[in-house]
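Trainee: Sequence:
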Amino acid sequence: MPTSFPAGTERPLYEIKANLFKALAHPARIRVLEILSANARPTMVSEILAETDLEPTLLSQHLAVLKRHQVVRADRVGNAVYYELAHSSIRELLVIARTFLADTLRS
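Quick note: the sequence shown uses the numbering used here, first residue 1, plus one each step.
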């Protein structure tokens, strides 16, 4: 996993990380990521809606935040939009968070 960033990156890495965690810091966005992580294929927006019970406009806003931070990517096929995790490390991050919380809550 690369640990360096392009030379044009002017902000400190801790600020970039903080912005990533801000993008993840909403229960609905975590739920969306868990849904995408569980699926081995790109997932239609209608499927995400069915699993989250969010209003379409609200889901769209959350997906836009995740897309803007390059956590998910979208692909339009006809009238349908499919989302998937932008990188496998997002799935790993969710697993690590779950493990951390399980260990923390046990102690």
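Certain hints may be false.
[Claimed, not checked] Lysine to aspartate or glutamate pairs mimicking DMTMM-like chemistry, simulated, CA-CA at most 20 Å apart:
hint, residue 1, residue 2
1, LYS67, GLU15
2, LYS22, GLU47
3, LYS67, GLU84
4, LYS67, GLU92
5, LYS22, GLU34
[Unchecked claim] Between beta-carbon pairs, the in silico distance windows are:
hint, residue 1, residue 2, range
6, ARG41, SER107, 16 to 22 Å
7, ALA50, GLU15, 35 to 41 Å
8, THR104, SER60, 29 to 35 Å
9, ASP75, ALA50, 34 to 40 Å
10, VAL95, THR57, 35 to 41 Å
11, GLU15, ILE96, 32 to 38 Å
12, THR104, SER46, 33 to 39 Å
13, ALA40, ARG11, 17 to 23 Å
No lab work stands behind these hints, which were simulated from the structure alone. We treat Cβ as the ideally placed atom computed from N, Cα and C, and that holds for glycine.
Trainee: Now tell me, hint by hint, if it's right for this structure.
Mentor: Each hint, compared with the structure:
1. LYS67 to GLU15: holds, 18 Å
2. LYS22 to GLU47: violated, 25 Å
3. LYS67 to GLU84: holds, 10 Å
4. LYS67 to GLU92: holds, 18 Å
5. LYS22 to GLU34: holds, 17 Å
6. ARG41 to SER107: 16 to 22 Å: violated, 37 Å
7. ALA50 to GLU15: 35 to 41 Å: Taking Cβ atoms as reference, ALA50 and GLU15 lie about 37 Å apart, which means the hint holds.
8. THR104 to SER60: 29 to 35 Å: holds, 33 Å
9. ASP75 to ALA50: 34 to 40 Å: violated, 19 Å
10. VAL95 to THR57: 35 to 41 Å: violated, 30 Å
11. GLU15 to ILE96: 32 to 38 Å: violated, 21 Å
12. THR104 to SER46: 33 to 39 Å: holds, 36 Å
13. ALA40 to ARG11: 17 to 23 Å: violated, 35 Å
Consistency note: the structure conflicts with the earlier hints numbered 2, 6, 9, 10, 11 and 13.
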